[in-house]
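Using the sequences and the hints, build the whole thing.
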Amino acid sequence: MKIETTHLKRCDLVALEGRFDSNTAPDLEKVLRDSMDEGVYQIVLDMESVEFFGSAAIRVLIMAYKECRARGRGDVRLAAVPDRIAQVLDLVGILPLIETFPDKTTAVGSY
Amino acid sequence: MRPYELCVESSLSHLAAIAEFVADGARQAGLSEEEVFAVQMAADEACTNSIEHAYGGQEGEVRICCWAEGNEYVVRITDFGRPFDPDSVPIPDTKAPLTERNIGGLGLFFMRELVDQVDFASDPIQGNQVTLRKRRHAEF
Chain L
1231 MKIETTHLKR CDLVALEGRF DSNTAPDLEK VLRDSMDEGV YQIVLDMESV
1281 EFFGSAAIRV LIMAYKECRA RGRGDVRLAA VPDRIAQVLD LVGILPLIET
1331 FPDKTTAVGS Y
Chain A
28 MRPYELCVES SLSHLAAIAE FVADGARQAG LSEEEVFAVQ MAADEACTNS
78 IEHAYGGQEG EVRICCWAEG NEYVVRITDF GRPFDPDSVP IPDTKAPLTE
128 RNIGGLGLFF MRELVDQVDF ASDPIQGNQV TLRKRRHAEF
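Residue numbers (the working numbering), protein chains in the order written: chain L, 1231 to 1341; chain A, 28 to 167.
Keep in mind the hints are simulated off the structure, nothing from the lab.
A portion of the hints provided could be inaccurate.
Computed from the model, here is a short list of chain L residues facing chain A with C-beta under 10 Å [what the hints assert, rightly or not]: (1) 1252; (2) 1279; (3) 1282; (4) 1286; (5) 1288; (6) 1289; (7) 1292; (8) 1293; (9) 1295; (10) 1296; (11) 1305; (12) 1318.
Output of the computed footprint for chain L on chain A, the stretches with three or more beta carbons under 8 Å from beta carbons of chain L [as the list claims (entries may be wrong)]: (13) 58-71; (14) 130-137.
Even for Gly, the Cβ is constructed at its ideal location relative to N, Cα and C.
Structure follows, in C-alpha cells:
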C-alpha cells in the first residue's frame, strides 16, 4: 500500500496504490486529515492503482467528503476508478454522489 | 479441491494474507476473477468483524477454512470471541445523500451483497462461524 500527496494550486492530488482494508484505511485517513488540517478541502483521489477498497476505506472516503463539504465547501473527487472498485462503490450508492473522472488530469482540471 | 485451512492471530495486519488465501482457493474452485474478487472482499469484511468486534483488540485465533461444494465455493470464518448478532447491525441507507450518511453496517452489507449466501452461527464449543457461499457460474 502506498499513498502520495501532491499539492497543486487548486487541490491536493492523492495517488493511492494497493490494498485499502481495515489495516491500511487509518493511513488513508491520516493523509486526508493532513490535507484538511492544512486548509485544503478540494481533494482528488487517483484510484488507478487501487487493488482493494473495503468498507473501512469507504468510511474514510465518506468522512473526508462530509468534512470537505462542511468545513470548506469543497469535496473529494475520484479519478481512474478501476471497474471492480467502481462496482463496489456503486453497491453502496456512492458513485452517483461523488464526482468521478476518467483520469487524474481531468479530475484536477475540474476544480 | 481439497478443503484447506488457515489459522492466524487476531490482527488486522493478517488481512492481506487472508485475502490471498481466499483468492487462491476460489481460483482452484473455478470461480471467475470477478467472483474471486467478490468472495475475497466478503471474507475480508467477515474477518475484520472477528478481529475488531469479536475479539475487540484482545488476543485470539481466526480460522479460515475453504472448500468447494457442488458448484459453490465455501469460506467459513471461525473465531472464539464475543458472539455476533447480525440483527443488531443497522442497515446502511445507500440512497441517502453522503452528507447525511451514517457510516456503520457497511461490512455486513457487503458480505450479503457480494456472495450468494451468508450464514451466522454461534456455539460455545464451535465458536462463532460465518459461512460464505459463492456460486460458480462459469461452465467447464
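Item to check | Interface hint outcome for residue 1286 of chain L [beta carbon to chain A under 10 Å] | outcome: With Cβ-Cβ at 7 Å, under 10 Å, it holds.
Next on the checklist: residue 1282 of chain L was flagged as interface toward chain A. Is the shortest Cβ-Cβ separation under 10 Å?
Outcome noted: holds (7 Å)
Next on the checklist: Is the interface hint satisfied for residue 1292 of chain L? The criterion is a beta-carbon contact with chain A at less than 10 Å.
Outcome noted: holds (5 Å)
Checklist entry - Are residue 1296 of chain L and chain A close enough, Cβ to Cβ, to be under 10 Å, as the hint says? => result holds (5 Å)
Item to check | residue 1295 of chain L as an interface hint toward chain A, with CB separation required under 10 Å | outcome: holds (5 Å)
Next on the checklist: The hint names residue 1279 of chain L as touching chain A; please verify it with the least Cβ-Cβ distance against 10 Å.
Outcome noted: violated (15 Å)
Checklist entry - Would you say the region 130-137 of chain A counts as covered by chain L, given the rule of at least 3 residues with C-beta under 8 Å? => result It holds, with 5 qualifying residues against the three required.
Checklist entry - Given residue 1288 of chain L was flagged as interface, is its beta-carbon under 10 Å from a beta-carbon of chain A? => result With a closest approach of 6 Å, the residue 1288 of chain L hint holds.
Checklist entry - With a cut-off of 10 Å, does the beta carbon of residue 1305 of chain L approach a beta carbon of chain A closely enough for the hint to hold? => result holds (9 Å)
Item to check | Interface hint for residue 1252 of chain L, Cβ within 10 Å of any Cβ on chain A | outcome: Check passed: Cβ of residue 1252 of chain L comes within 4 Å of chain A, closer than 10 Å.
Item to check | Interface hint status, residue 1289 of chain L versus chain A (Cβ within 10 Å) | outcome: Residue 1289 of chain L check passes; min Cβ-Cβ to chain A is 4 Å, inside 10 Å.
Next on the checklist: Tell me whether the statement that chain L covers the region 58-71 of chain A is true, taking a Cβ distance below 8 Å and needing three residues at minimum.
Outcome noted: holds (count 5)
Going through the hint list in order, the structure does not satisfy hint 2, though it satisfies all others.
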